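Enquirer: Order-wise, the sequence lines are chains A and B. Reading the first sequence from the start, the letters are residues 0 to 103 in numbering that gives the first Met the number 0. Reading the second sequence from the start, the letters are residues 0 to 161 in numbering that gives the first Met the number 0.
Calculated directly from the structure, the hints in this document are not laboratory data. Since we're looking at a predicted model, the values are computed, not measured. Mixed in with the good hints, there may be bad ones.
[Said to hold, decoys possible] In the BS3-like style, the derived pairs of lysine-lysine whose C-alpha atoms are separated by at most 30 angstroms in a straight line are:
hint	chain 1	residue 1	chain 2	residue 2
1	B	15	B	86
2	A	25	A	70
3	A	3	B	86
4	B	86	A	43
5	A	43	A	70
6	A	70	A	16
7	A	3	A	76
8	A	43	A	76
9	A	25	A	43
10	A	51	A	70
11	A	3	A	70
12	A	25	A	3
13	B	86	A	70
14	A	3	A	43
15	B	86	A	16
16	A	76	B	86
17	A	51	A	16
18	B	86	A	51
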Amino acid sequence: MPVKVMIPTPLRPYAGKRASAEFQAKTVGEALGHLTSEFAELRKHLFTEEGKLRSFVNVYVNDEDIRYLAKENTPTKDGDTISIIPSIAGGRISRRLKDRRTRA
Amino acid sequence: MPDETTLWISGHLAEKIRSHGAETYPYECCGALLGRDSSDISGTDPEAEESTPGREILALFPLVNRRDDSPRNRFSVTSEDVLAAEKNAREHGLEVVGWYHSHPDHPARPSEYDRDHAWPWYSYIIVSVQDGAPQEMTSWRLNDDRREFSPEGIEIRHRAAV
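Required output: the full structure, derived from the provided sequences and hints.
Expert: Set out below in structure tokens:
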């Protein structure tokens, strides 16, 4: 029995409109690797150009946040569910712009 | 993403977003936009979708800004808040189609920080609040390449909220 990856609504247009996908994977990183190989357009929304998970992308194995486990090396077993849960952030002034203004 | 998108919202809900921005001034407010997206309804009777394909906001889920370090120029919604918003949406037969926040004493234009932290597909409503009074309200969607936002039209629809 494979690992199930739940795809959040805003990313479904890049995953053939699917809500989930199943892969054989021993770690979270491996499962996300399979996901972004199958749906290449997902990659830039999940990972930075340096290949790190974006800060507002939260990944859970069953109900556990992988930040408090072994991050992308968190092991998975058959029947586990990996959930990608967005967090949302924003604000009026970019840090860079603010720094520039402070210096001026 | 479609080239030009339109967001439908009732005058009542638009006013609630403005009021939320005024209430939390000089701090940023934030909340979820609950509604329906006609692009999700495939294979149904086209007449059932009426003549205005697009996205409609039918309820709001106001949230507490979790950024207590810099709430004047930042807002943050945790993944737990996102799950709560999604649950609330499901209970109303809706889905989370976007997010709103205010820009206190700043134009209703997305910042670099907004873009850097944005998800595709969602509508991002921004309301400018100047000296405590809500002003312009705009909506944006992140482009597929993540390089910039595209403005989204806001149309006021006279219809009862859910």
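Enquirer: Each hint should be assessed against the structure and marked as holding or not.
Expert: Verification of the hints:
Simply put, residue 15 of chain B and residue 86 of chain B have alpha-carbon atoms about 21 angstroms apart, close enough for the 30 angstroms limit, and the pair holds. Distance hint between residue 25 of chain A and residue 70 of chain A is fulfilled; the C-alpha atoms sit about 13 angstroms from each other, no more than 30 angstroms. Under the criterion of a C-alpha separation no larger than 30 angstroms, the hint pairing residue 3 of chain A with residue 86 of chain B is consistent with the structure, at around 21 angstroms. Restraint check for residue 86 of chain B and residue 43 of chain A: satisfied, since their Cα atoms lie roughly 27 angstroms apart, inside the 30 angstroms limit.
For the proposed pair residue 43 of chain A and residue 70 of chain A, the alpha carbon gap of about 19 angstroms is at most 30 angstroms, so the pair holds. Taking the CA atoms of residue 70 of chain A and residue 16 of chain A, the gap is about 27 angstroms. The hint holds against a cut of 30 angstroms. Proposed proximity of residue 3 of chain A and residue 76 of chain A is supported: the alpha carbons are some 10 angstroms apart, at most 30 angstroms. Restraint check for residue 43 of chain A and residue 76 of chain A: the C-alpha separation of about 26 angstroms stays at or below 30 angstroms, so the hint holds.
In summary, the hint linking residue 25 of chain A to residue 43 of chain A is supported, as the alpha carbons are separated by about 23 angstroms, within the 30 angstroms threshold. Restraint check for residue 51 of chain A and residue 70 of chain A: the C-alpha separation of about 11 angstroms stays at or below 30 angstroms, so the hint holds. Distance check on the hinted pair: residue 3 of chain A and residue 70 of chain A sit about 17 angstroms apart at the alpha-carbon level, within 30 angstroms; holds. Distance check on the hinted pair: residue 25 of chain A and residue 3 of chain A sit about 12 angstroms apart at the alpha-carbon level, within 30 angstroms; holds.
Proximity of residue 86 of chain B to residue 70 of chain A is assessed by CA-CA distance (about 26 angstroms); at most 30 angstroms being required, the pair is judged to hold. A distance of roughly 21 angstroms separates the Cα atoms of residue 3 of chain A and residue 43 of chain A; the hinted pair therefore holds under the 30 angstroms criterion. For the given pair, residue 86 of chain B sits about 20 angstroms from residue 16 of chain A by alpha-carbon distance, which is consistent with the 30 angstroms threshold. Distance hint between residue 76 of chain A and residue 86 of chain B is fulfilled; the C-alpha atoms sit about 27 angstroms from each other, no more than 30 angstroms.
Annotation: proposed proximity of residue 51 of chain A to residue 16 of chain A holds, straight-line Cα distance about 24 angstroms (limit 30 angstroms). For the suggested pair residue 86 of chain B and residue 51 of chain A, the alpha carbons sit about 29 angstroms apart, so the restraint of at most 30 angstroms is met.
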